[in-house]
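Quick one: dock chain against chain with the hints and give me the complex.
Each protein sequence line maps, in turn, to chains H and C. If you count the first sequence from 1, position 164 lands on 184 in my numbering, and the numbers rise without skipping. If you count the second sequence from 1, position 131 lands on 725 in my numbering, and the numbers rise without skipping.
Calculated from the structure, these hints are not laboratory results. Hints may be right or wrong, so weigh each one.
[To be verified] Negatives, chain H to chain C, calculated, CB over 12 Å:
no.	residue
1	Arg74
2	Leu92
3	Arg121
4	Val236
5	Ile238
[What the hints assert, rightly or not] Some chain C residues close to chain H (C-beta under 10 Å, calculated; not the full set):
no.	residue
6	Pro637
7	Phe1049
8	Glu1050
9	Arg1086
10	Tyr1087
11	Glu1091
12	Phe1098
13	Phe1184
14	Gly1186
15	Met1190
16	Tyr1223
17	Pro1272
18	Gly1276
Since we're looking at a predicted model, the values are computed, not measured. Don't be surprised by glycine CBs; every beta carbon is placed ideally from N, CA and C.
Now for the letters of each chain:
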Amino acid sequence: MKDKLSFVLFLYFFLFQPLLLPQRLHGQDVPDVFGRELIVYQDSQILYNGKIWRRPYYNIMGDEFLFTSLWLRGDVTVGNQAFTNRMFRYDIMNDELLIRRPDRVVLVLNKEMVRGFGLIHEGVRYRFDNYGNESGNDLKGYARVLYDGRCKLLMKYVKEINPLGYQKLYDIFVQSEQVFLVRDGKSVRLRGRRGLLAFLEDQRDELKKFIRTNNVVILPRQPESVIPVLDYYNTLHNLSSGL
Amino acid sequence: MKGTSGYLTAILLMGYSVIGLKAQPLSTAELESRMKQYLESNPWEEVYLHVDRDKLIAGEDIWFSIYTLNRETNRLSGRSALAYIELLSPWDTPVMQKRFRLEGGRGEGSLRLPDSLSSGSYTIRAYTRWMSNFLPENCFQQDIDIYNPFKNKDFKKKAKSGITERNSDNLTFYPEGKVLLTGGNNRIIVHCVDESGAGIRSSGIIRDSRGDSVTCYKTDISGYGSFLINPIPGMTYSASSADGLFRLPDATGEGLSVILDNSSSIRVDLLIRASGEEVLKYPGSYFLVIHTSGKIGYSQELKISGTETRVSVPRARLRGGVASAALIREDGKTLFERLFYSDIQRPFAAVLAGDTLYAWRQKVSLSLSSPSEFFNIKEYSISAVPVETSAISPGINDYMLFGTEYGAVPREILSITAESNCRDAIDNYLACSESRWIGWPEVLSGSRREVRYKFEQYGHYLSAGVRYRENMPTAQARILYMSMRGKIADFRYARRETDDRFHFVLPVDTLLRNLVIQPGFADNNMILGLEPSFPRILRESFTYGSAIPDTLAKLFSLLSFNYQAAKIYETDYRKDPPAGDAGLLRGRRFYGIPEMEVFLADYISLPQMQEVFTELLPGIILRPAGSGYEIKITNPVTGVYYPEPPLVMIDGLIMNDLTVLADLDPELVEKIEVVRTPYLIGDLVLSGIVNVITRSGDFSNVTLPDYVAELPYRVIERTSMFSAPDYSVEEIMKSRIPDLRNTIYWNPLVKPGTEGTSGIEFWTPDYSGTWIVLINGITQNGEPFSVRRTLRTQ
Chain H
21 MKDKLSFVLF LYFFLFQPLL LPQRLHGQDV PDVFGRELIV YQDSQILYNG
71 KIWRRPYYNI MGDEFLFTSL WLRGDVTVGN QAFTNRMFRY DIMNDELLIR
121 RPDRVVLVLN KEMVRGFGLI HEGVRYRFDN YGNESGNDLK GYARVLYDGR
171 CKLLMKYVKE INPLGYQKLY DIFVQSEQVF LVRDGKSVRL RGRRGLLAFL
221 EDQRDELKKF IRTNNVVILP RQPESVIPVL DYYNTLHNLS SGL
Chain C
595 MKGTSGYLTA ILLMGYSVIG LKAQPLSTAE LESRMKQYLE SNPWEEVYLH
645 VDRDKLIAGE DIWFSIYTLN RETNRLSGRS ALAYIELLSP WDTPVMQKRF
695 RLEGGRGEGS LRLPDSLSSG SYTIRAYTRW MSNFLPENCF QQDIDIYNPF
745 KNKDFKKKAK SGITERNSDN LTFYPEGKVL LTGGNNRIIV HCVDESGAGI
795 RSSGIIRDSR GDSVTCYKTD ISGYGSFLIN PIPGMTYSAS SADGLFRLPD
845 ATGEGLSVIL DNSSSIRVDL LIRASGEEVL KYPGSYFLVI HTSGKIGYSQ
895 ELKISGTETR VSVPRARLRG GVASAALIRE DGKTLFERLF YSDIQRPFAA
945 VLAGDTLYAW RQKVSLSLSS PSEFFNIKEY SISAVPVETS AISPGINDYM
995 LFGTEYGAVP REILSITAES NCRDAIDNYL ACSESRWIGW PEVLSGSRRE
1045 VRYKFEQYGH YLSAGVRYRE NMPTAQARIL YMSMRGKIAD FRYARRETDD
1095 RFHFVLPVDT LLRNLVIQPG FADNNMILGL EPSFPRILRE SFTYGSAIPD
1145 TLAKLFSLLS FNYQAAKIYE TDYRKDPPAG DAGLLRGRRF YGIPEMEVFL
1195 ADYISLPQMQ EVFTELLPGI ILRPAGSGYE IKITNPVTGV YYPEPPLVMI
1245 DGLIMNDLTV LADLDPELVE KIEVVRTPYL IGDLVLSGIV NVITRSGDFS
1295 NVTLPDYVAE LPYRVIERTS MFSAPDYSVE EIMKSRIPDL RNTIYWNPLV
1345 KPGTEGTSGI EFWTPDYSGT WIVLINGITQ NGEPFSVRRT LRTQ
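Chain C with its partners taken away, still in its complex shape (with noise of 0.2 Å):
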């Protein structure tokens, strides 16, 4: 019994030394490694799309360059082999799905709009399959709105759904520090949305219990606004407004706030306020944290004693862009997060041009040029389009400020550019914002979110699942097999992962290729689903028709008419590239040179499949075998039949029922493969191979079981080129066929010379109007910039 006891302690005081070793305390170069081990297993991608246009009509061309960036260094991200573009109609289903290449984080395409559409506001969203991971959010979207001219009944457009009308959630209030706490001034950010959801300008009183004023708020173009307020214990209080009487938080006698004055050009300035025994009483230290985008570029050890603690923290040590300011305690519980804008130095640059106005079919040179020598251009993709169809389209810098880190930002906080000078505005919407990546309490958990897809940075993945029939016990599908049909073999397999689905991984290519994919051992209980490579997961939204404004109507029937004079003259801006490796996939048979080819012309005709194999293939027996048929092959080396079946194709369908064999007619069969020696594949072993080609070699007549499914599959598209006029030659600048170009220009990639030089050249079209050129690109350094300049034509 002593002995029991004394082993007891011995085992509880080196737990009580596991336990001890977990609550060591924090300290600064601890967060910093957390943070670290964090972003490696919670990577965080941004796509940016640099599209030509956002006003098109139906059957137009949209272009789009695609730069894929990593937040955390704000630099190209060539983890992602392809990219997604969806475009979703003002009903978000999807009108067309298209995955372009993307390399070293680059990439281009171009949609041709179905001259169908209805006219309405559309949606295009681009994202990589780890962004899927975090959708609807983690996707660029931008609005584009398309015109049909014959079928402009109404125009659809789209909004956020839950703001039908104007009720009490249009008037939000955000207590900076998240409580509301008496004894001292307190900020509160208020947001004042309309019925679609878009931020208004709003004022109102903020009255006590008693009715008294206590002081106003006003909101700017954004919607967002702040006010200071000292509440008193026990009193309530409401902000009143020409809309109603909308309430504000309780404030409450124990916590912690703070603000935050970001006013400072050289310093962040941060008052801390505690109230209550539990903060009070707390003998611990607190850090104060700040990081932007996970590098941390500010930590100090605090000590709380006092209801009042301040903190100015050097501008100069944070990164510019979105920076996050945390308190956290000693034993890792976060007290409060709160974002911020901490100004960026951009790479500056100016578009330089010949003239600013232009007459028609006249040359135009562009160059870029900039006062810092620390910018010299990597590359940059440019658009050239009437100044009405691209309005309100951030250039890639103003994007990746905010990115898709804190959800969908609105837009008129996205057409606010840091450069204008709008820091509150900023500021206020951060306040009440809350980063979707990177959260303290994950990062000191170290946890990691849940991921279903992973980066397809080697090819790309297609994954399936089976599922099976209610009540009906089935053995679990654990291999699946991936064939094409047609008279070249080929043959994969995937097995079964840890979460229950297959993945098989197809090269990035833009071959056509007719896949069949099956469980290796089926039967008729087993149901395979494909799983959709685009998710089908979306912002809540709602539709309604509306009348084109004049304005827009306008814009719709120049862009229309210039439209139909190209299609009356038959000019294409669009070169399509040659079909080299469109057609179906050519490729060599997966088991190579077959042991025994056999010619079924060279012989005598003979009635049933059944006796081809027992009269021309000595060593392979095709009989019945229960309410079906059985195959086997005599190994050549011992003679006796292999105890596993051979692996049987008909135009490379894999044939799980050999009556679909044994039925077949002999007359349409050109050739016999077999492969009698085992083969391997990975690590699958095949007693043999045995394919069957027919004459036509696409065996059609065959009616696919449910747990097989055929479908024609393009990993890639193939990228089109933007062609437009070149003047140059005196024999196109006489011709007398209109030159009415919608996108007057578009490179979707431009690399500067060996020179440097980054020189563009273009022809005005036959039209006059204003015009935008906008050029997104990376700089050597990996930082991205975006210029714009207008331009006329007379």
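Just chain H, with the same shape it has in the complex (with noise of 0.2 Å):
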């Protein structure tokens, strides 16, 4: 009984079906005048480039990962081109960011040409901004924007392997972090309230006095104590260049 219904059915779309054909036309088959198809073709050249990750570490505590070893959300900045709603890992280790095709192979990006990206982990967006490898700067590579202004403040995440670190038996990956402030294309490692004014030497007295007036103490360790004094030089920035 079932052949005979498959057989009428065989019959009934392959006698009929090509009448339909017409009215599928007037449906929802509008054609690809805007050529979208190959731009989203020609655009993953641009996104997927670069070198098929393998794993490098094995039987080492922890993984070499800013915030988790899973895929966060994100958006990548390749070149002029803007990529958004892609998975992401920052090995900070090795200082590369690793993107998850849809087809699940996993490529570390071409560093030379991500301008900069964005995580997104427990809700919040983290942006990181490529400083490039040229000699000469303290900062290579990726950083994370804590204050963007005339003078920028950024934090560099570093993940390093302590041998045996682990109760003596297994090698560990500890973090750390590194605070930088940017300033026309220089950059130094912020270690307290006598380098910020000498990095901000244009502006040094102004600062001083702001920050011996709102009491602001000035924390490596707390990157956020150094943002009201970067906003200010910010503000007497734009003051002068009648902004």
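Pasting the structure below:
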């Protein structure tokens, strides 16, 4: 019975389905006049550009990634093009951004092309900019932007392997952070109040007065403490340049 | 057997149900829905160029502002990111071809005419990539007279081909409603043209086959006219004029004829006459549908039972512009389509000037004013030129009345503006025309026009194809590589599309790229062909030489003197932008930081590249294989060779024949960069990359095979600025250098200030004459508008 029914249905569609086609043409079948498919395909050459990732670490406690070893949703700017809603992991041991393609192949994104990226972790978006690999600067590679202005405040996350650091039996990843100030393409590691004022020497006296008046305490371990000073520096700069 | 017949009956019943579903009768809602779907799949774009002048001297600049409009909405179209501009010679060969950026449907540019051009009638044409699908008609075209004082032997003119002498083709009759029906009055449109295809005044008498006079006809300056005739069955009719006898189409007693009366200001009247059994005995309904650019303003279901049916359509229901009335039978058959002119409520504005007569080097202040509170300007372009140099340019709203939808609009019709109360002439022209965009048979069948080019909304398409030498069986190319010659390697690829073409999408910028395109796995039987981005699809025309009329000669003499004076005093009214991004592309390596980077200068010199690889690049081997060479890379993880060879480049050129690499003199090599791990770009996996960079970085001593194409390529041109003297500075005002600008003022984009002011200020030149200010622009609600004003200097 089942076979006969299948036979009837087969004949039905074989004989009469072509008659339905013109009706379907009046449906939602709108041609891709904008070439969107081609654009998506060409864009994938810009985004998915990198070496195929292989995990290099075994038998080490922890992982080499920032925040978590899970994939985090985020966005990336490659060249002048922004790509949103992709899955990333940030390997802070090697300072590389990993991306997962829809087919689950993992790539180490070409660092020369990535201008910056954003990661969403526990509802908070963390923004990272690429500061390149130029010699003469202390700051290299990706760094989190804590404050953006004429003088930027950045945090560089680093992981290192501490040999036999876990119960003297296993190697372990250890994370540390470094805070940097960047102005006019120059960067310096923030070590304290004196270093900050030396770096912002064009407004040194004004900033000194501001710190004293507002009882600002600069602690490199708490980079947020620098933000009011940088904010004030920004205002002073805007005033002097007439913005 | 019984069971089988039962199944067959079931199949047939279901089949008939499907056929029954197909034959579902039309309704007005269904017509609207099908029109909407048709417009989605078949958009129509128009380009309008506001050109500063149409009379120029060879060597001068031609300035233009570009407007791209969506015909459906008559608003700016943001669907294309670049416009293609061509200057065609009197022989229709391209003299200049450039692309310019479009943002939100607007763009600007200029062309510096070569000073070696011959005198003659040139054509500037403009289109987008989408419009290339419908060339040669779907493009903006304007004739431009260019004069070369040093080559003034002959002035070459261009005319439509096919009309080289007066013949029977120069008087044509178009029965309204397509057929000449006996038993009542029919209107016949008559069109008379001269040898160049231009409409001319003409008159004559219509006689029947017995030689009796029936009626007469008369055409106006546009070459169009109409007359009514009541044909008698069995009789033939001819028009006799000074040029001879022209036969009218034969009358028939079967069919449907329509007379459209467009003379009333409040309604449009249609008289539908039916004759013959097929029409009168049709049991179903008819639909009268009127649309303007796809927007259906009126539709009515009709029953045609008698020989005459009258319908009155209120004009208020119709959108302004060119409307199309169609009669469609319930079964989807279109019986007639008739275009007619429906009045447009145009945005009205005037140019206010402080004065009408100006002295030399006097400031001119202009502003736009409108009595309508709804007329708010978004932006506009403005030109101020001697009046004789811009005589025939239509404004944007006049141009957009027809656009290119009905083919090449005769100049005589274009010059009739809608304001000048010439509805009859326009109507007569439209009655003989048909839309190349919307036709009810296509709308109802759901068909799509064949398109080769897509909209360039996100980037510029560079397309290529691979063909194969005859009788040479070869593997089909499935992938094309694009790289760039230079020390910084760039790479992308394109896969073969269903139409056997390959498309690269380039960013819309002014960078000059040295592109090298080749098949991924090539052999010598392949020949690469790059598609020209300017298709050579042109209207047929012929060129003939003629003497320059005295008035034109006088004008060209003045323009030429002004141009030569500017040359002598080295005055250039064009300011080029700084060459910031004009140089070659300076990017980053597409593969990022290589895993190995070997500078040959750091090592002792080796005589052969094979030795260089063996000694300096562990894990990479270059060795002879068959009649050539092969290169292998070892997987750094497993230590075994990858089965596929790596991508090998020399100065950005991808090498398929490794003999070139093996024969390379190591003394020429600066460094070798290697990526040893598998590298992924898009969905293409490369088993490593080897890039050999020579000291010169251009590896120019290699002859490229036929399957490789190399071309310097700039997607869009940089735009220059028109720069007129500013006499507010006293020193400039006192300058003894004559200011003889042929274009007095040009600004391709003026945006009103925050207070809504839209004033323009410029200074008059050092010669007297009448000049015209032409403003084309867009209002805040997106409507195009155009204003003119004449002023004088003395």
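- request: Of all the hints given earlier, name the ones this structure violates by number, lowest first.
  value: Hint check: 1, 3, 15 and 16 fail, others pass.
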